[in-house]
Amino acid sequence: MPGKRDKHKSKYTLDRGMPGAFEGETITRRRFMTGTVHTTGAVAAAAFTLPALGFALGPIFKSTPHRWEVVGNIYQFPDNNYVPVVITLTPNIGEAGKSTVYMRKFNPEIDNDAADVDSHTPYIAISSRCAHVGCPVRWVDASERFICPCHGGVYDLLGRRVGGPPVRPLDRFYTRVNGENVEVGPRFSVNSQLRRFSPRDPGEPLDGIGQYLYPSRPGAQKL
Amino acid sequence: MPKLPAPPLPAPLRTPPPRPGEGTGNGGPVEGAKQAGVAVVDWVDERTSLSGAARWLMFRKVPKGTNWFYTLGSATMFAFLSQAVTGVFLAMYYRPDPAGGAYESIRYVTNDVFLGQFVRGMHKWGSSVMVVLVFLHMARTFFFGAYKYPRELNWVIGVVLLILTMVMSFTGYLLPFDQRAYWATIVGVNINGTGPLIGPYLSDFLRGGSEFGATTLSRFYAIHMLLVPGLLAALIGAHLYLVAKLGTTAPPWAKAEKRKELRETEV
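If you're matching them up, the sequences are chains A and B in order. The numbering of the first sequence is the working numbering, which starts it at 1 and goes up by one. The numbering of the second sequence is the working numbering, which starts it at 1001 and goes up by one.
No wet-lab data here; the hints were simulated from the structure. One should not assume that every hint holds.
To be verified - Computed footprint of chain B on chain A, listed as stretches where at least three residues anywhere in the stretch have a Cβ under 8 Å from a Cβ of chain B: (1) 19-32; (2) 83-92; (3) 141-148; (4) 198-208.
Ideal Cβ placement from N, Cα and C applies to all residues, glycine included.
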């Protein structure tokens, strides 16, 4: 019915034939009241929902400050074998916040394969977090391998995967020398060519499309 | 206004009519106690009409062939109630403190509290019982075809209940905060992270950050104790309402009886 449709297009309620309409009215009192009450209700609901949502989702975006931790002096780490040290990843929660790091001095003969890892790490600090699902790996001196007890992941001297389900090499930590002390800093992840990336969770491959499919998160420090 | 007739009661529960010649009589103290109880129930019922609802829920017609498989749903709910009650008692002692308080509070409950080891054991084994029963109930519903029209929504609610049960198991596993709990959670959260694109954000959301931190245990505790039980209770209520409203199905091997006229006549 084209006639009726034209009448609805008019913004004046008088033209739309609404009972009680007066000259020049564009919105009825009922609609105004309803709209105002609904808007007030939405504001009230948002007042408690949005802070709660922010509270729940906030930690995703919070970035933890960089921390450097002294782990020993420059004489105690060999360049052909790993020495385990314990560092604190998350302070103030006791044992749950600590992790083991395997330390070795930078060795130009074996570490030059790695693409631009050397300029930031005078000492190599390999994380014990397995790149499969995060179990703690153990350095076995006799076979020169890191072995994961959970699902049989095996890594070589440089932390590259040589067996089992892990999807990328072991993470590393930045290191620096401060006087006579060696300090361990933030974590970074590497792909199979040992190129540096910002830290990723275990199970996230970084080769090829992996670095885009598993993006760096707001909370993890960017390189 | 004339009173509507009450919904039907099964025969054993109906009060028998008085024998002829016996009249009312006052009855002894047992009779008096019974009448007092009935009076209390009547007082509540007149103000809430709950007895109609109770009769609608409990005295439903069920199809011929209903067997013991149909008890699996109620068994699951019983397991849930057991978990809720034992969980409440455990929550009175538990401390969600990652720096050692959590482990210590569970050790205290297990070793030093009267019946603490029993209640904790019921809660721990009860969760396995509930997961097993949930799957058996789901299998029964599937193989009996009880998900078909008009019960599709009930099936969907059931699947959501299954997911919530799994969330309860996952979050509850971390709470004792021993080595097994800690590493199982690390592994579980990292598995979440392997999903493409949103995986890393999901694992960050679960952990409360990019590393396992002080808030991770508290998050898991709040989800386990407040968020999911509330959702579970609401959805179980909806699930039960739909079961009562739509009725249960006959087992798939039950055949409908043909009307006499349609049966072939014997020669």
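So, going through the hints one by one against the coordinates:
no.: 1; hint: 19-32; result: violated (count 0)
no.: 2; hint: 83-92; result: holds (count 3)
no.: 3; hint: 141-148; result: violated (count 0)
no.: 4; hint: 198-208; result: holds (count 6)
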